[in-house]
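Undergrad: Single-letter residue listing:
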Amino acid sequence: MTTPVKLLDFITILPVIFLAAWACLLLLVDLWVKHKRVTAYLAALGLAIGLGLLWYQAAWIGNAGFNHMVVLDGFSVFVNALLLLSGLLGIALAYGYLRRMGIERGEFYPLVLFSLSGMMLMAQAADLIVVFLSLEFLSIPLYVLTAFAYPKAASEEAGLKYFLLGAFAGGFVVYGIALVYGAAATTALDGIIAAVAEGRANLSLLVSGAALILVGLGFKVAIVPFHMWTPDAYQGAPSAVTAFMSSAAKLAGFAALVRIFALAFSSLSDDLIPILWGLSALTMLVGNLLAIPQTNIKRMLAYSSIAHAGYILMAFTAFGNPGVAEVSIAAVLFYLAAYTVTNYGAWGVVILLERAGDLGLEIGGYAGLGRKYPALAACMTIFMLSLIGLPPTLGLVGKFYLFRAVIAADLIPLAVIGVLTSLISAWYYLRVVVNMYMRTGDPEISPEPWALTITGLMAILTVLVSLLPGWLFFLASQARLNLF
Amino acid sequence: MPNPWVFIGLFIIIAAIIPIGAIVVALILGPKKPNPIKQSTYECGLETVGDSLVQFKAQYYVFALAFLIFDVEAVFLFPWAIAMNKMPLYVALEGVIFIVILVAGLVYTWRKGALEWV
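So the sequence lines, in the order shown, correspond to chains A and B. The first sequence begins at 0 in numbering that gives the first Met the number 0 and counts up one residue at a time. The second sequence begins at 0 in numbering that gives the first Met the number 0 and counts up one residue at a time.
The set of hints was computed from the structure by calculation and includes no laboratory data. Just so you know, these numbers come straight off a predicted model, no measurement behind them. Using N, Cα and C, we set each Cβ at its ideal position, and we do this for glycine too. One or more of the hints may lead you astray.
Unchecked claim - One-sided excerpt, in silico: chain A residues whose CB lies under 10 Å from chain B:
| # | residue |
| --- | --- |
| 1 | Pro3 |
| 2 | Val4 |
| 3 | Leu7 |
| 4 | Leu27 |
| 5 | Trp31 |
Kindly generate the complete structure, drawing on both the sequences and the hints.
TA: Here you go:
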């Protein structure tokens with residue numbers, strides 16, 4: 000039944016292996032490196048090589064490795080490319096920020112790489128055991144990174160909260176996997192499909208297992224009611240970590256969710272649609288409503304990230320409908336890419352305005368930014384418009400595809416909730432813009448070349464790609480899920 | 000050939016008999032001349048200094064962690080070493096990679112000064 004390991008097996012997860020090895024080496028090299036910026040550049044070099052390997056690996060798309068434990072398909076290549084790019088952006092934002100906050104420690108970069116290799120493995124996992132393995136592999140470095148501002152109490156508290164709730168969520172995933180194994184007698188996704196098709200699987204057990212896995216992954220991507228850790232962890236963590244965490248971890252979590260549910264559990268979709276419907280409606284409502292009273296920009300963006308998880312889940316609700324599944328997966332991927340770009344830009348602005356000792360994080364502190372730094376304020380306006388989903392930004396195009404998928408699946412009430420909550424979100428996003436342009440104040444920014452570059456670049460991308468979104472959507476719709 | 004589990008059963012019985020026997024023999028044969036010093040609590044033969052409910056140095060934690068890692072490594076390496084002549088090359092290499100990763104961890108702990116007692 001099991002075949003011996005071949006070279007092809009290693010090629011299927013080549014970037015993951017390389018990144019993990021590179022992170023180990025970096026950890027050792029860092030011991031003898033005096034200037035931590037060397038470590039940062041080496042980490043960025045590793046990510047660039049990872050992108051190269053991904054490109055090389057693309058010739059083998061459609062192969063499975065290690066006895067179908069991992070697969071290499073268009074979906075995984077798309078997600079992994081996005082993950083590697085978001086790692087590069089995260090390192091660029093952290094580069095000056097860590098030094099300014101006095102927490103420039105070499106371990107930051109290997110930890111980011113370890114976490115990224117876990118995320119990339121997650122996007123390729125074709126077996127529930129590998130899903131759990133990579134979930135832990137990506138989470139543990141993130142817990143450490145959240146508490147990275149040691150000895151700052153808020154950061155340590157955030158790290159501990161994230162760790163405890165994350166470990167709890169990991170337990171849910173394992174329990175779900177155990178139930179699925181009990182139902183289908185296998186943890187391989189293709190085995191589960193076969194078991195359901197042949198009628199061997201105990202369906203009620205399988206649905207319970209799927210629901211528990213949904214809970215566990217819902218924790219990771221911050222879906223209401225499993226979102227409690229998000230505001231505290233996002234606020235307490237150093238901003239550069241939050242930027243990375245809110246983009247990349249969400250990406251990996253949704254990648255696993257899409258693969259597991261769209262492939263293995265697509266036959267359960269009739270049972271799961273009401274659950275997903277309720278969860279996504281609740282997430283959009285709670286995320287957007289709780290963002291309104293926030294005065295701290297990090298907390299506001301945390302609730303906004305919960306709301307966006309709701310929008311993505313909304314498009315994914317109809318995953319089992321064969322006519323819609325492909326459109327909805329493409330829309331999810333497109334939105335994740337759009338959200339990554341916008342999110343990094345917004346966090347770039349937050350990082351530029353933050354000063355040591357948690358200063359410069361109040362939304363009121365953005366008053367006068369429009370007069371003093373017009374270019375930066377323009378960038379922030381673009382990001383806020385994109386998060387609302389107004390033209391001319393990527394957020395609008397992303398939401399357009401999401402709503403198109405939802406309407407194609409005939410879930411009109413859900414789409415209405417989505418539109419209404421988007422309207423609500425305009426309230427708190429525009430408040431930042433109003434503060435920047437219509438109130439007077441004297442904000443202070445720290446001109447860090449990398450953070451400024453990234454913020455500007457993301458603003459340009461947000462506008463330009465929204466004018467010509469076709470190629471990105473084409474790529475997203477080419478990102479097919481494969482098992483064999 | 001008896002059931003191989005018999006040996007495990009025998010092992011458990013013998014493992015229980017030896018310490019119990021030693022204590023019982025000491026109870027029967029040992030002279031009993033108690034005095035306050037003998038009756039007092041002791042820790043590795045040394046006289047306790049101050050309260051015995053003290054806070055331990057957090058550094059023990061790092062040592063325990065490093066010890067545990069290499070302890071577990073040994074557990075993994077035994078089956079690997081025993082099956083050495085039956086396994087394909089890549090499995091042998093996997094074991095070597097495992098050791099190399101742990102050695103890298105040791106180098107890291109060492110260089111960070113976690114192995115020095117302060």
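Undergrad: It remains to establish, for every hint, whether it holds in the given structure.
TA: Here is how each hint holds up against the structure:
The restraint placing A/Pro3 at the interface with chain B holds, with a minimum CB-CB distance near 6 Å, inside the 10 Å limit. With a least beta-carbon distance of about 5 Å to chain B, the hint placing A/Val4 at the interface is held under the 10 Å criterion. Taking 10 Å as the C-beta contact cut-off toward chain B, the hint placing A/Leu7 at the interface is violated, the least distance being around 13 Å. Interface hint at A/Leu27: satisfied, since its Cβ lies 6 Å from the closest Cβ of chain B, which is below the 10 Å cut-off.
About 8 Å separates the beta-carbon of A/Trp31 from the nearest beta-carbon of chain B, less than 10 Å, and the hint is met.
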